[in-house]
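From first to last, the protein sequence lines are chains E and R. Sequence positions in the first sequence follow the UniProt record's numbering and run 1 to 348. Sequence positions in the second sequence follow the UniProt record's numbering and run 1 to 348.
Derived by calculation from the structure, the hints in this document are not laboratory data. Here the structure is a predicted model, which is why all the values come from computation and not from measurement. Please note: incorrect hints may appear among the correct ones.
Intra- or inter-copy, both count: the list cannot distinguish identical chains.
Said to hold, decoys possible - Computed list of lysine-lysine pairs in DSS-like fashion (alpha-carbon distance at most 27 Å, straight line): (1) Lys280 <-> Lys120; (2) Lys280 <-> Lys269; (3) Lys200 <-> Lys38; (4) Lys42 <-> Lys280.
There are 2 protein chains.
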Amino acid sequence: MAAEAEVENKQVILKHYINDGVPKQTDLELRVTKIELKVPPKGSGAILLKNLYLSCDPYMHRRMRDFHGSYIHPFLPSQVIEGFGVSKVIHSDHPNFKPGDFISGLTGWEEYSLIHKTDKLRKIEPDDDIPLSFNVGLLGMPGFTAYAGFYEVCSPRKGDYVYISAASGAVGQLVGQLAKLHGCYVVGSAGSKEKVDILKNKLGFDEAFNYKEESDLDAALKRYFPEGIDIYFENVGGDMLDAALLNMRVHGRIAVCGMVSQQSLSSPKGIHNLLNLITKRIRMQGFLQSDYLHLYPRFLEHVASNYKQGKILYVEDMNEGLESAPAAFAGLFHGKNVGKQVIRVAHD
Amino acid sequence: MAAEAEVENKQVILKHYINDGVPKQTDLELRVTKIELKVPPKGSGAILLKNLYLSCDPYMHRRMRDFHGSYIHPFLPSQVIEGFGVSKVIHSDHPNFKPGDFISGLTGWEEYSLIHKTDKLRKIEPDDDIPLSFNVGLLGMPGFTAYAGFYEVCSPRKGDYVYISAASGAVGQLVGQLAKLHGCYVVGSAGSKEKVDILKNKLGFDEAFNYKEESDLDAALKRYFPEGIDIYFENVGGDMLDAALLNMRVHGRIAVCGMVSQQSLSSPKGIHNLLNLITKRIRMQGFLQSDYLHLYPRFLEHVASNYKQGKILYVEDMNEGLESAPAAFAGLFHGKNVGKQVIRVAHD
Numbered sequence: 001m002a003a004e005a006e007v008e009n010k011q012v013i014l015k016h017y018i019n020d021g022v023p024k025q026t027d028l029e030l031r032v033t034k035i036e037l038k039v040p041p042k043g044s045g046a047i048l049l050k051n052l053y054l055s056c057d058p059y060m061h062r063r064m065r066d067f068h069g070s071y072i073h074p075f076l077p078s079q080v081i082e083g084f085g086v087s088k089v090i091h092s093d094h095p096n097f098k099p100g101d102f103i104s105g106l107t108g109w110e111e112y113s114l115i116h117k118t119d120k121l122r123k124i125e126p127d128d129d130i131p132l133s134f135n136v137g138l139l140g141m142p143g144f145t146a147y148a149g150f151y152e153v154c155s156p157r158k159g160d161y162v163y164i165s166a167a168s169g170a171v172g173q174l175v176g177q178l179a180k181l182h183g184c185y186v187v188g189s190a191g192s193k194e195k196v197d198i199l200k201n202k203l204g205f206d207e208a209f210n211y212k213e214e215s216d217l218d219a220a221l222k223r224y225f226p227e228g229i230d231i232y233f234e235n236v237g238g239d240m241l242d243a244a245l246l247n248m249r250v251h252g253r254i255a256v257c258g259m260v261s262q263q264s265l266s267s268p269k270g271i272h273n274l275l276n277l278i279t280k281r282i283r284m285q286g287f288l289q290s291d292y293l294h295l296y297p298r299f300l301e302h303v304a305s306n307y308k309q310g311k312i313l314y315v316e317d318m319n320e321g322l323e324s325a326p327a328a329f330a331g332l333f334h335g336k337n338v339g340k341q342v343i344r345v346a347h348d
Numbered sequence: 001m002a003a004e005a006e007v008e009n010k011q012v013i014l015k016h017y018i019n020d021g022v023p024k025q026t027d028l029e030l031r032v033t034k035i036e037l038k039v040p041p042k043g044s045g046a047i048l049l050k051n052l053y054l055s056c057d058p059y060m061h062r063r064m065r066d067f068h069g070s071y072i073h074p075f076l077p078s079q080v081i082e083g084f085g086v087s088k089v090i091h092s093d094h095p096n097f098k099p100g101d102f103i104s105g106l107t108g109w110e111e112y113s114l115i116h117k118t119d120k121l122r123k124i125e126p127d128d129d130i131p132l133s134f135n136v137g138l139l140g141m142p143g144f145t146a147y148a149g150f151y152e153v154c155s156p157r158k159g160d161y162v163y164i165s166a167a168s169g170a171v172g173q174l175v176g177q178l179a180k181l182h183g184c185y186v187v188g189s190a191g192s193k194e195k196v197d198i199l200k201n202k203l204g205f206d207e208a209f210n211y212k213e214e215s216d217l218d219a220a221l222k223r224y225f226p227e228g229i230d231i232y233f234e235n236v237g238g239d240m241l242d243a244a245l246l247n248m249r250v251h252g253r254i255a256v257c258g259m260v261s262q263q264s265l266s267s268p269k270g271i272h273n274l275l276n277l278i279t280k281r282i283r284m285q286g287f288l289q290s291d292y293l294h295l296y297p298r299f300l301e302h303v304a305s306n307y308k309q310g311k312i313l314y315v316e317d318m319n320e321g322l323e324s325a326p327a328a329f330a331g332l333f334h335g336k337n338v339g340k341q342v343i344r345v346a347h348d
């Protein structure tokens, strides 16, 4: 590989801030620029990455708004966006990284990325038994979100009745399997027959239902949880949260991981049933995986080991080529992905 | 006192279920019956009480609805209602209670009560330094609610910014004083100038404001908490909760003690700002003091000792005579009470 010459570098850029509604494919744009495949002279500490897999995550929508008060700063219009990825080092001025190393962490949505700040990158050892792309899914941020949320926020006990919305998604599918391994009774909801089939027949959920076919979510939850819900792993918000509140058991826990149905609305739907928090002494807790990073090694060991033993599966929705990224990302907000949405930018 | 003859017994009865709106004075009715001032023959285990003080508590409204699925069963229409009180034993077939004993616990809203189930009654030792009526306030359920909610739910730390709504009420006034003793910065809101003055000038709150004079609750909270809120002790719900959610700090805690503005509405107002639970990793937890009864002895010691040292005050709103009870109870829902609302049924 000639590190001296410039090559083409396809990039995905944010055309403009998205301040209302869900992201559309046309809010993102493909651009072709040039890049020299080497890092700046000695002392820069930079590394040059060839990106292999990029992760499409709903939280990225928060970075597409002109809002600077959140825990994470927004993208800049006309600039390449960034997200979690799996990449290969092709040139390095950093003592901890050498060409040929595989890394996982925040990288650009482009074919090659020159990274100056390497502190959020993690070197990974390719493992013949685990797909490399799992480092942005099962073993990455979504998997760790499931792990931290379930074990650290839900206070699970054997026999608990666990309900998961968006259950076939990148996070939900692992929460359900961890809950099953923990001895819980697990029901998930999703938005298509195909997803419901995966939950019941592939991922081992006790029950699953298509929320789009339920005109009365309260009645649906009463059908699946005649004894009520101990743990609700909340991914969607809105009417589903209101229905879950009605069906929680005394001392129930609600881990608030996402509210994907609401975060695109400039005025989110009102939640009416919070009085249940008092009468049933419910704990409702929002969380971000980044508060639990000290548990990351324990998580990796637990999940990788269970995966290798065949006790955990992980469903990916793999799109080919950076060109497919804008549509794949927008598809998240319409439930088009079946499992964890990943873009394969290049074959290793 | 002639224990043989029948005497008049004034009672407050629930006329009908209140299924919509706040309780009105006319939902309760005074009735005069007769009672024999002695317990049934040997073996009944019953005790006969002369009621001295009765407590008006907002939670009682929940027992006035035709709803049987809650943690506490409803009152019966045309029957005497019950609530926390301080009473004197005048006749007893129970080995643990003898005439002349003072007790606190659930009793009837009437002059004399024949109690068969004594397991929820607590014998109290009159203390010259503490008013007897405080056993339904500072040292009773409201005081214990404040104690359990603040120490067990709020996870307070020295220096925390604490906000309390309905801050001059039976619970809020003690929460604020406990928080001050803990080294927190404490702001309360209430619904009149008189109450705000009490909070600032008598109870030692750092700041207080009249929420009825604020057209923009979010702006009001930003004014009093430029750094944000660590702990919100939630007594009112509705718009105030939505405004507080906007002003919580990262890892903030919301103890949900009451939602008095909402519990009278058949369709409570929607809460729109729950996305803040995620971005700020907020824990929002409903609680009832009855889950913490093992801490009651420790609470009594802590609060009584601080009261005797002059480090805690307690403001009561004392009404004279059972006749005043219906109006006093209804007044709770319009903020008419200044401090803990108590009815003096009889002078000891």
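Structure-based check of each hint:
1. Lys280 <-> Lys120: between (41 Å within a copy, 21 Å between copies)
2. Lys280 <-> Lys269: both (23 Å within a copy, 19 Å between copies)
3. Lys200 <-> Lys38: neither (49 Å within a copy, 65 Å between copies)
4. Lys42 <-> Lys280: For lysine 42 and lysine 280, the Cα distance exceeds 27 Å both inside one copy (62 Å) and across copies (40 Å).
Violated hints, in rising order: 3, 4; the structure is consistent with all others.
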